[in-house]
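Chains as they are written, first to last, in my numbering: chain A, 19 to 183; chain B, 110 to 674.
Honestly, the hints are just simulated from the structure, not real lab data.
Keep in mind that a hint or two might mislead.
Claimed, not checked - Distance ranges between label pairs, derived from CB positions:
no., chain 1, residue 1, chain 2, residue 2, range
1, A, Asn102, B, His620, 32 to 38 Å
2, A, Pro144, B, Arg140, 31 to 37 Å
3, A, Glu46, B, Pro237, 45 to 51 Å
4, B, Pro237, A, Ala118, 47 to 53 Å
5, A, Arg104, B, Asn144, 18 to 24 Å
6, A, Leu53, B, Gly568, 50 to 56 Å
7, B, Ala459, A, Ala118, 51 to 57 Å
8, A, Thr62, B, Phe554, 52 to 58 Å
Unchecked claim - Simulated pairs of lysine-lysine, DSS-like, Cα-Cα distance not exceeding 27 Å:
no., chain 1, residue 1, chain 2, residue 2
9, A, Lys160, A, Lys138
10, B, Lys445, B, Lys463
11, B, Lys133, B, Lys445
12, B, Lys445, B, Lys521
13, A, Lys83, B, Lys284
14, A, Lys83, B, Lys289
Even for Gly, the Cβ is constructed at its ideal location relative to N, Cα and C.
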Amino acid sequence: MKAEDCSIPRTPSRALPGKYLTFVLGGESYGIGILQVREIIRPTAITPVPQMPPHIQGVINLRGKIIPVLDLRARFGLAAPAVNDRSCIVVVQVNTTESAGVLTGLLVDSVDEVISLSDKDIEATPEFGCRLDTRHLLGIAKVGPTVRILLDLDRIVGDETRAQV
Amino acid sequence: MNSIPQEAEMPIVLNLASDGELLKEYVIESREHLNNIEQGALLLEEHPEDADTLNSVFRPFHTFKGGAGFLNLVPINHLAHGLESLLDLARLHKLTLNAERIDLILRGRDTLRQFIDQIDAQLTGAAPPAPIMIATGDFGRQIQAAMTNEPEPASSSQQTEPTAAAAPSAASTVKVETSKLDSLVDMVGELVIAQSLVAQDFNPQAAADPRFARNLAQMARVTRELQRVSLSLRMVPIRGVFQKMARVVRDLAARQNKEVQLVTEGEETELDRNLVEELADPLLHMIRNAVDHGIENAAARAAQGKPRAGVIHLRARHQAGGILVELQDDGQGLDKERILAKAVEQGLAAPDVKWSEEEIFHFIFAAGFSTAREVTDLSGRGVGMDVVRRNIERLRGRVEVTSTPGQGTLFKLVLPLTLAIIDGLIVTVGGQRYIIPTLLVRESFRPRREMISTLQGRGELVNLRGRLIPMLRLGEQFGVKPAASSPDEGIIVVVQTGASLKCLLVDGLLHRQEVVIKSVGEMIRQRNACIAGAAILGDGRVGLIIDVNSLGSFPVSFGARAANN
Numbered sequence: 019m020k021a022e023d024c025s026i027p028r029t030p031s032r033a034l035p036g037k038y039l040t041f042v043l044g045g046e047s048y049g050i051g052i053l054q055v056r057e058i059i060r061p062t063a064i065t066p067v068p069q070m071p072p073h074i075q076g077v078i079n080l081r082g083k084i085i086p087v088l089d090l091r092a093r094f095g096l097a098a099p100a101v102n103d104r105s106c107i108v109v110v111q112v113n114t115t116e117s118a119g120v121l122t123g124l125l126v127d128s129v130d131e132v133i134s135l136s137d138k139d140i141e142a143t144p145e146f147g148c149r150l151d152t153r154h155l156l157g158i159a160k161v162g163p164t165v166r167i168l169l170d171l172d173r174i175v176g177d178e179t180r181a182q183v
Numbered sequence: 110m111n112s113i114p115q116e117a118e119m120p121i122v123l124n125l126a127s128d129g130e131l132l133k134e135y136v137i138e139s140r141e142h143l144n145n146i147e148q149g150a151l152l153l154e155e156h157p158e159d160a161d162t163l164n165s166v167f168r169p170f171h172t173f174k175g176g177a178g179f180l181n182l183v184p185i186n187h188l189a190h191g192l193e194s195l196l197d198l199a200r201l202h203k204l205t206l207n208a209e210r211i212d213l214i215l216r217g218r219d220t221l222r223q224f225i226d227q228i229d230a231q232l233t234g235a236a237p238p239a240p241i242m243i244a245t246g247d248f249g250r251q252i253q254a255a256m257t258n259e260p261e262p263a264s265s266s267q268q269t270e271p272t273a274a275a276a277p278s279a280a281s282t283v284k285v286e287t288s289k290l291d292s293l294v295d296m297v298g299e300l301v302i303a304q305s306l307v308a309q310d311f312n313p314q315a316a317a318d319p320r321f322a323r324n325l326a327q328m329a330r331v332t333r334e335l336q337r338v339s340l341s342l343r344m345v346p347i348r349g350v351f352q353k354m355a356r357v358v359r360d361l362a363a364r365q366n367k368e369v370q371l372v373t374e375g376e377e378t379e380l381d382r383n384l385v386e387e388l389a390d391p392l393l394h395m396i397r398n399a400v401d402h403g404i405e406n407a408a409a410r411a412a413q414g415k416p417r418a419g420v421i422h423l424r425a426r427h428q429a430g431g432i433l434v435e436l437q438d439d440g441q442g443l444d445k446e447r448i449l450a451k452a453v454e455q456g457l458a459a460p461d462v463k464w465s466e467e468e469i470f471h472f473i474f475a476a477g478f479s480t481a482r483e484v485t486d487l488s489g490r491g492v493g494m495d496v497v498r499r500n501i502e503r504l505r506g507r508v509e510v511t512s513t514p515g516q517g518t519l520f521k522l523v524l525p526l527t528l529a530i531i532d533g534l535i536v537t538v539g540g541q542r543y544i545i546p547t548l549l550v551r552e553s554f555r556p557r558r559e560m561i562s563t564l565q566g567r568g569e570l571v572n573l574r575g576r577l578i579p580m581l582r583l584g585e586q587f588g589v590k591p592a593a594s595s596p597d598e599g600i601i602v603v604v605q606t607g608a609s610l611k612c613l614l615v616d617g618l619l620h621r622q623e624v625v626i627k628s629v630g631e632m633i634r635q636r637n638a639c640i641a642g643a644a645i646l647g648d649g650r651v652g653l654i655i656d657v658n659s660l661g662s663f664p665v666s667f668g669a670r671a672a673n674n
């Protein structure tokens, strides 16, 4: 994660209790709100698009609709392993500040399970100072011994659709 | 029924929270009614006594009024009620609809449209919620006056009660959201791909059962037909635009004291819904020009031995897989000398060149040419013609103009049937496939080494029959390593970009295919302007459509560099 902007205000947990889909990226467990998940598909032929940053893998044909695929590993600066037979594309539908219902594919290492989180499971994102940009995190969930990082997809996808190049 | 409420003006306050859905429906319905009213009123001008037409105008006002009453839109209700009463008298032969009264009806209809527009704006969030206030009090008085100032027609009008008036003969239709249509077209596209994948796997020699082959062929036929039908769902007749023009001609001619008749042909010609909407604007410009500047006034026409009334023909028909819209007037025509003189003056044309008639007429489409006041006043034409040309080109069409002095001008708009499909040339570079719109491709060839020269070690030029054309290596532009290491192993595709040509170096050509254009979404478009869209190819994978105009005009960005690292 980028460590550049120290002026971002740290908000306490914005995560709501409810059901989350969890998946694995580089050995860590992440969660996204289940209501944003449209479907999970096996990696299909991705058409690379010229002049994209490494974390935009390209576009795929989702039953006649063309949607972009984000490589979350590259997005979070994790080393990129080869796509294996557990890799999935999680198709999510998010509302960005510009438009509602944007379909995007997220390439992840493997999909885990759906968990229910209550208020007491969710904690605020700890302060990391400048070393970690926590803007894209909703909060941290602690279920038993495992820690799950809850992602703010609206912001992650929204930032990608805004002109920044 | 004949009394018009004469209250103080009341603003409309919308209750968006509770009535939102109802209002939305009301707006959609109202727009349809308003169109019917307009068409009917224009017909009434010619046949004021026609019972069917009277009913077709009366009925929409009635429904309009009912809906407004139900939703508590008081001023709309009152205005519609007044006009309805006026029409009712006409229906009962107690009153004839002269030009003034029809004008009143049309103006009333326009005011109702303003109401609807404002309600619509608030519904869609384009305007903040606020009380809507449009003056209608004058109308009340005018309608009242129109209803009373003519005594009952002396002749005993035969009471022909309109018995069960025939409904306007419209083909029965279903309203469907466009998003549903789009997803239907998407799914059918997928079906076609799935079908062709199945067909590819089928080996006729290995199959023992001939019935399977027959069924497969049958399925191929059905899918093709299904695709054709699903694409035709987006098609609508051009009638709507033509009817709008009828109103424009009527109003403009009346304002300028000219006699102009609009004759339309081929209103049933079908084209893509989006195209119909986009076509309205350029046509409006051209019609306005034709009435303003093309058609002379009655006296001038009579002096030239022409009929007093000018005629504007508006025609549409299918031609060679596209659609042809013609706009012809019998006015004074374009003044060649004047246009050329102006073009020279503005530096558009070299003075000592012999220009062909066609080239001269094309100057009227030049940007900035139209804004010159002298031209519009003297020779007419040219007001916003550059806008017309640009609009038509954006729709991937073209404009042609011919003119005979003293006899009139003919504009021809040649347009594709739909914006949704293009004919694409599929090329390969380094294993990737890209689509170039075939319309823009001039030619393609394998270059010889000596045809290519390098400028300052960077830019490359192709010498094509003595003409030097800049060359872009598509692989380099897109950060893809091409299979062909030198240009003489690849293929050059010459494309038209605006007025100039570009050469694109690719590895090879695959085939031509009609593809359905789809958006690639904001995420991609913001980062790469050279991608005009995407399409799904025969094997179900995505191919990117190249915007050849943007190609080469942006520096090769970090994506390409990253790929090289």
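Hint check results:
no.	hint	verdict
1	A/Asn102 with B/His620: 32 to 38 Å	35 Å, holds
2	A/Pro144 with B/Arg140: 31 to 37 Å	56 Å, violated
3	A/Glu46 with B/Pro237: 45 to 51 Å	46 Å, holds
4	B/Pro237 with A/Ala118: 47 to 53 Å	20 Å, violated
5	A/Arg104 with B/Asn144: 18 to 24 Å	58 Å, violated
6	A/Leu53 with B/Gly568: 50 to 56 Å	53 Å, holds
7	B/Ala459 with A/Ala118: 51 to 57 Å	54 Å, holds
8	A/Thr62 with B/Phe554: 52 to 58 Å	36 Å, violated
9	A/Lys160 with A/Lys138	9 Å, holds
10	B/Lys445 with B/Lys463	13 Å, holds
11	B/Lys133 with B/Lys445	51 Å, violated
12	B/Lys445 with B/Lys521	18 Å, holds
13	A/Lys83 with B/Lys284	23 Å, holds
14	A/Lys83 with B/Lys289	13 Å, holds
Hints 2, 4, 5, 8 and 11 from the list above are not met by this structure, while the remaining hints are.
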